[in-house]
Amino acid sequence: MNDTDSDAGNHTGNGAGSHPDSHPDSHTGIELKIAEVLRARPDAPVHMDALRARAVAKSRRTRLTRRAATGVGVGLAFAVTAAVVAAPRLVLPHQSGSAVAGRQSGNPALSVRHQGPTTLPGVNTEPTALEDPSGVGADRGLLHFDVDLAALHATAVEWTSGFGYERVDLGAGSGNTAEYHAVTLVVGRSATAINRGFAEAADGQGSVPAGQLAQGSPEAVTVGGQPATLQRLGAPPRDHRQFFVPGRGYWVLRWQPVAGLQAELRVNRDDRKRALDTAAALLFDRVQRCLSPVRLTSLPATAAVSRCDTALTRNAASGGLTWSSSYVWVEPGQAANTVTFYLSPVTQRAAHDLAQFHADVTVAGHQGSWRTADPAGLWILKFGPYEVFTAGKGLTRSQAVQFTQGLIPAGDPARPDTWPVDNLH
Amino acid sequence: MTDEPVTFEAYVATRGPALIRFASRLTGSQHRAEDLVQDALAKAYQRWDSIQRKDQPDVYLRRMLVNAARSWWRPRTNREVPVGGPFTDKADARDVGKESAERDEMWRLIGTLPPRQRAVLVLRYYEDLDDSTIAAILDCSPVTVRTHAMRAIDMLRRHFETER
Numbered sequence: 001m002n003d004t005d006s007d008a009g010n011h012t013g014n015g016a017g018s019h020p021d022s023h024p025d026s027h028t029g030i031e032l033k034i035a036e037v038l039r040a041r042p043d044a045p046v047h048m049d050a051l052r053a054r055a056v057a058k059s060r061r062t063r064l065t066r067r068a069a070t071g072v073g074v075g076l077a078f079a080v081t082a083a084v085v086a087a088p089r090l091v092l093p094h095q096s097g098s099a100v101a102g103r104q105s106g107n108p109a110l111s112v113r114h115q116g117p118t119t120l121p122g123v124n125t126e127p128t129a130l131e132d133p134s135g136v137g138a139d140r141g142l143l144h145f146d147v148d149l150a151a152l153h154a155t156a157v158e159w160t161s162g163f164g165y166e167r168v169d170l171g172a173g174s175g176n177t178a179e180y181h182a183v184t185l186v187v188g189r190s191a192t193a194i195n196r197g198f199a200e201a202a203d204g205q206g207s208v209p210a211g212q213l214a215q216g217s218p219e220a221v222t223v224g225g226q227p228a229t230l231q232r233l234g235a236p237p238r239d240h241r242q243f244f245v246p247g248r249g250y251w252v253l254r255w256q257p258v259a260g261l262q263a264e265l266r267v268n269r270d271d272r273k274r275a276l277d278t279a280a281a282l283l284f285d286r287v288q289r290c291l292s293p294v295r296l297t298s299l300p301a302t303a304a305v306s307r308c309d310t311a312l313t314r315n316a317a318s319g320g321l322t323w324s325s326s327y328v329w330v331e332p333g334q335a336a337n338t339v340t341f342y343l344s345p346v347t348q349r350a351a352h353d354l355a356q357f358h359a360d361v362t363v364a365g366h367q368g369s370w371r372t373a374d375p376a377g378l379w380i381l382k383f384g385p386y387e388v389f390t391a392g393k394g395l396t397r398s399q400a401v402q403f404t405q406g407l408i409p410a411g412d413p414a415r416p417d418t419w420p421v422d423n424l425h
Numbered sequence: 001m002t003d004e005p006v007t008f009e010a011y012v013a014t015r016g017p018a019l020i021r022f023a024s025r026l027t028g029s030q031h032r033a034e035d036l037v038q039d040a041l042a043k044a045y046q047r048w049d050s051i052q053r054k055d056q057p058d059v060y061l062r063r064m065l066v067n068a069a070r071s072w073w074r075p076r077t078n079r080e081v082p083v084g085g086p087f088t089d090k091a092d093a094r095d096v097g098k099e100s101a102e103r104d105e106m107w108r109l110i111g112t113l114p115p116r117q118r119a120v121l122v123l124r125y126y127e128d129l130d131d132s133t134i135a136a137i138l139d140c141s142p143v144t145v146r147t148h149a150m151r152a153i154d155m156l157r158r159h160f161e162t163e164r
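For the record, the sequence lines run as chains G and S. Sequential numbering from 1 applies to the first sequence in our numbering. Sequential numbering from 1 applies to the second sequence in our numbering.
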């Protein structure tokens with residue numbers, strides 16, 4: 001074949017028909033069709049400013065992580081999958097204005113007690129955050145707040161209970177207008193805990209140092225009768241020495257729902273009202289369980305859950321909730337690194353993804369694919385009703401098989417009240 | 001070629017949408033495309049001065065996207081199919097049913113091609129690039145580019161014999 005590019009300058013932009021390297025006429029028709037199909041795909045609008053800001057922030061986080069990693073010992077690790085996997089796509093339409101009017105009770109520190117069920121199974125035997133804020137972030141199986149999803153017309157929610165913090169991520173819109181991580185709230189007992197809550201998110205948001213990256217002065221507002229500050233974030237400057245910049249978020253709202261408890265809420269668009277409306281829909285007078293529909297029965301006896309993360313989608317019309325996915329972080333003990341189990345209902349995957357599944361291991365009778373990169377771990381397309389991905393820094397193939405083979409889907413995915421309270425026994 | 005340095009911000013503003021359109025055709029998903037472009041830009045940001053001085057940013061970014069699309073795997077987002085979203089064909093006044101079905105079928109088949117064959121088709125027939133530029137992006141020879149294209153076209157043609 002002639003591989004000179006003397007015709008390189010002769011493109012007319014007309015696609016296959018004018019392509020200088022086209023094959024004989026028998027291919028021209030198919031080439032035209034290929035061009036037509038590729039060009040006929042409509043494109044959704046993209047907020048490039050926001051995407052650029054996220055890219056810059058991620059670049060800086062990567063740089064900081066590399067610096068920090070030089071001093072990290074063997075026993076300290078985050079599961080690689082958690083670091084690279086994007087957050088679930090949460091589909092929440094933006095709520096309208098007056099939905100949360102009139103929620104203030106006589107005691108401004110308390111939300112109006114919600115009459116309906118909690119998003120996840122409620123717990124009546126634990127003190128609420130308002131009664132005892134020291135319990136927030138102390139138990140990976142508990143969440144000391146809820147969100148009035150109906151008031152926000154939410155269609156998805158992701159809950160996380162981590163070390164010292166608890167987090168909720170809300171999405172907005174659907175289809176073309178879907179916004180995942182439209183709003184993120186982290187509550188904790190200290191600024192360090194808040195920072196950790198954002199940093200451990202799938203896309204690693206950090207906390208904004210006070211007074212930096214803001215446009216204008218912090219605005220004094222109230223949330224639940226408590227004083228709060230509301231700031232609009234500007235574009236991050238090109239200063240790689242800066243500690244943290246948020247990966248996303250145009251408005252940041254900070255307050256103390258009760259003495260001893262801090263809250264930080266971030267809105268991922270230039271929408272001040274959304275920040276205040278979401279804060280007003282928070283409910284700190286209840287406790288719910290962070291659960292996952294699984295038992296992990298083949299882990300060492302020293303294993304403990306170090307983080308719980310469960311995502312649900314919600315039908316905005318009916319209010320019905322559907323399990324979307326879960327992560328269970330486990331510390332196996334004995335100085336081993338964290339192991340992450342990702343679970344979701346089995347769904348039809350795109351051919352592009354299926355092409356990356358190369359069955360080379362059997363786990364409890366299920367075909368698995370051991371991956372060494374992007375991401376590394378044990379991937380099982382169909383573990384009964386679930387898709388499973390097991391990962392961990394330094395996790396070997398045999399360990400992954402050992403830890404996964406005892407996995408048992410537990411409870412009805414459509415009923416969180418049937419999910420086990422203890423994932424490890 | 002101008003010697004005026006292109007800032008990262010200016011490049012993203014002017015070329016970002018094109019990168020997303022390109023990535024969306026590589027991956028079949030607008031959302032995945034945005035993820036890939038964000039990651040590629042994050043990496044490019046760290047060495048932007050060098051990229052815009054020595055490399056052609058478009059070639060560099062496209063290469064990153066092609067490589068990332070090949071190995072990309074996201075458990076939660078890659079099963080999302082927006083309802084009525086960007087991959088719904090535009091209707092027109094002609095035989096909408098048959099033509100739409102053929103376009104859908106072609107789109108589906110393109111999605112099943114091996115990653116580099118798919119990348120060559122997108123770069124050739126959507127980006128309208130010549131094989132030498134495609135070769136630079138894919139870090140291979142123009143001969144290899146033509147081989148990828150021929151194999152992809154042969155497969156697609158076998159499914160659409162009526163085109164002949």
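Hints were generated in silico from the structure; no laboratory data involved. Any given hint might turn out to be false.
[Said to hold, decoys possible] Computed beta-carbon distance windows for the label pairs: (1) G:Gly141 with S:Asp104: 41 to 47 Å; (2) G:Ala317 with S:Thr147: 48 to 54 Å; (3) S:Glu4 with G:Pro42: 32 to 38 Å; (4) G:Ala317 with S:Arg53: 28 to 34 Å; (5) S:Asp49 with G:Gln405: 47 to 53 Å.
Ideal placement from N, C-alpha and C gives every residue a C-beta, glycine not left out.
For each hint, the structure was consulted:
As the Cβ distance of Gly141 (chain G) to Asp104 (chain S) is approximately 46 Å, the hint placing it in 41 to 47 Å holds. The supplied range of 48 to 54 Å is met by Ala317 (chain G) and Thr147 (chain S), whose beta-carbon atoms lie about 52 Å from each other. A beta carbon spacing of about 34 Å between Glu4 (chain S) and Pro42 (chain G) agrees with the range 32 to 38 Å that was offered as a hint. Our hint of 28 to 34 Å for Ala317 (chain G) and Arg53 (chain S) is violated, since their Cβ atoms are close to 55 Å apart.
Checked against the hint of 47 to 53 Å, the pair Asp49 (chain S) and Gln405 (chain G) passes, with Cβ atoms roughly 50 Å apart.
Violated hint: 4 only; the structure is consistent with all others.
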